[in-house]
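Heads up: the sequence lines are chains X and R, in that order.
So the first sequence is numbered by our numbering: it starts at 1 and just counts up by one.
So the second sequence is numbered by our numbering: it starts at 1 and just counts up by one.
You may find that some hints are simply not true.
Just so you know, same-sequence chains aren't split out, so a pair can sit in one copy or run between any two.
[Unchecked claim] Below, in silico cross-link-like pairs of lysine to any residue (SDA-like), each with a Cα-Cα straight-line distance of 25 Å or less:
| id | residue 1 | residue 2 |
| --- | --- | --- |
| 1 | K112 | V291 |
| 2 | K307 | T199 |
| 3 | K307 | R206 |
| 4 | K118 | H188 |
| 5 | K307 | P162 |
| 6 | K307 | D229 |
| 7 | K307 | T196 |
Bear in mind the hints are in silico, worked out from the structure with no lab data behind them.
There are 2 protein chains.
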Amino acid sequence: MADTRPETAGRPIRIAIVGVGKIARDQHLPALAANPAYRLVAAASHSGRVDGVPNFGTIEEMLAAMPEIEAVSLCMPPQVRYEAARAAIAANKHVFLEKPPGATVSEVEHLKALATRKGVSLFASWHSRYAPAVEAARTFLAGTRIRSAAINWKEDVRRWHPNQEWIWQPGGLGVFDPGINALSIATHILPEMFITQATLDFPANRDAPVAAHIRFRTADGTPIGMELDWLQTGPQSWDVLADTDAGSMVLSGGGARLAIDGRTVHEEPEAEYPMLYRRFAELVRTGKSDVDLAPLRHVADAFMLGKRSTVAAFYD
Amino acid sequence: MADTRPETAGRPIRIAIVGVGKIARDQHLPALAANPAYRLVAAASHSGRVDGVPNFGTIEEMLAAMPEIEAVSLCMPPQVRYEAARAAIAANKHVFLEKPPGATVSEVEHLKALATRKGVSLFASWHSRYAPAVEAARTFLAGTRIRSAAINWKEDVRRWHPNQEWIWQPGGLGVFDPGINALSIATHILPEMFITQATLDFPANRDAPVAAHIRFRTADGTPIGMELDWLQTGPQSWDVLADTDAGSMVLSGGGARLAIDGRTVHEEPEAEYPMLYRRFAELVRTGKSDVDLAPLRHVADAFMLGKRSTVAAFYD
Chain X
1 MADTRPETAG RPIRIAIVGV GKIARDQHLP ALAANPAYRL VAAASHSGRV DGVPNFGTIE
61 EMLAAMPEIE AVSLCMPPQV RYEAARAAIA ANKHVFLEKP PGATVSEVEH LKALATRKGV
121 SLFASWHSRY APAVEAARTF LAGTRIRSAA INWKEDVRRW HPNQEWIWQP GGLGVFDPGI
181 NALSIATHIL PEMFITQATL DFPANRDAPV AAHIRFRTAD GTPIGMELDW LQTGPQSWDV
241 LADTDAGSMV LSGGGARLAI DGRTVHEEPE AEYPMLYRRF AELVRTGKSD VDLAPLRHVA
301 DAFMLGKRST VAAFYD
Chain R
1 MADTRPETAG RPIRIAIVGV GKIARDQHLP ALAANPAYRL VAAASHSGRV DGVPNFGTIE
61 EMLAAMPEIE AVSLCMPPQV RYEAARAAIA ANKHVFLEKP PGATVSEVEH LKALATRKGV
121 SLFASWHSRY APAVEAARTF LAGTRIRSAA INWKEDVRRW HPNQEWIWQP GGLGVFDPGI
181 NALSIATHIL PEMFITQATL DFPANRDAPV AAHIRFRTAD GTPIGMELDW LQTGPQSWDV
241 LADTDAGSMV LSGGGARLAI DGRTVHEEPE AEYPMLYRRF AELVRTGKSD VDLAPLRHVA
301 DAFMLGKRST VAAFYD
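Next up, chain X with everything else stripped away, as it sits in the complex (with noise of 0.2 Å):
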């Protein structure tokens, strides 16, 4: 199998972009036309194009016209990922998953399997983890005690989602969509927690949370809070808080700068895309997978355990 896969080879790995929307032209696109080890060479969209590539309208008709695609990467929104990552893998087709992974722990699992199966590298990204002080947030917690946690995810929905329907819709996820990425940086550099207590808060309107409000504890009873807001105007804040023996932490901007007791110790520009990029080669190289199911586990977790409050209904 080694030799046959592209980076081994020397030469690009021929990837196309499913699903050319928003989350795609902002950051999909650009990072794969900085990146060396990609040459982009099909899309496929049920609106979106790319220019200059063979454009398709749905993945099954790219795949059949294009067997040269080694590997695809899949940006449509959750809920339909899991019939374009099947038709993907089932074509020998190395996959990248946009986050979240699937509208369902268990479809992920599913394909999980089916790549180890397959013998095809499966990516579940989680951007938010290649923020640039998570690993210095990682390091600073593995070495002392933590006494309490706080996440606060605090954004205007208007501002980052506008008139995004499939968001509000069910398995959309509504704000545990900005809010899984702080769980993808919390379970990264937190000890294992779960949920002991959770209140979602829908719009009369819609069938998905604009709020939550979460108790986590981890394993020795260490507490953890989590505040997912939607309608946060002015100041955003994507902020992962400690109590710790070695001081108070505060790592915020979505995990691009770290705070110890006040004194930044961390921040650089982020490059997140650029980054799962540079990891999707190497898992493709290395004939590796990445699937860490724990973000979507803590959301379908909070969906089950928690306390549904209606509120007042949201419009765009």
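Following the hints, position chain R against chain X.
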């Protein structure tokens, strides 16, 4: 380790019951009394009592007072099961978990890891899997092609769960409390499947659903429908049906009877809890665990992906 395990030494396992409610009295205590592989030595419960053994208010008091306990069977509501399981595992006890094994998928994953670390046996029991005709159904389905399947679990909550308040609270799962029994059978006899669409009906005055309408599909696209209803009066339905190349299969009575094309091919009286305790003794004796989370994962997926609809208030 092996020679300290009670079964290897040929003497009964000293077991304690925690949570002395309806299920403990109806099922666990009779099953234990009838099985010479166990000796019931204590009970812990906020409210209930077991005659003839020392009774404690909490598991912590019980474990502290009676170090000779080797195993515990946890029969309290799922919302508080983790804490007790963790205390028991930390004290090197083997643990039998009533279904569902916890309030979140994540916490049970965590218990699994803890049990492995401690070298004790953890059993996430799914009693319906031990219904008499389940294995015959599994064998039948493994030898044919399934065109479609349906899971119908329709019972009268007032008859089976009278005034069980916890079941309507967040984490109590509502109609998924019996529905997870159906899922424990379905995930055992049908190919791997996952939810593509769900609607959950919540009574206006309750935090858990009274009905659910779910569509699954298998990896190769076979459709599986699931209907859960907790307001079924008259005849009760606990059926898994499959349309197959080898005929029409009906597994009814919660797994008690198997019929192919209308002809009963397997029927015997149920002995689910006796079989569960036989299985647990075997796990303890062989130093193994059995923790299949697929049924609980599907429930979490249904809550995450499901559309909520509000229906008439429910009063016991």
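Query raised in the report: Against the structure shown, which of the earlier numbered hints fail to hold, in ascending order?
Result: Structure breaks no hint.
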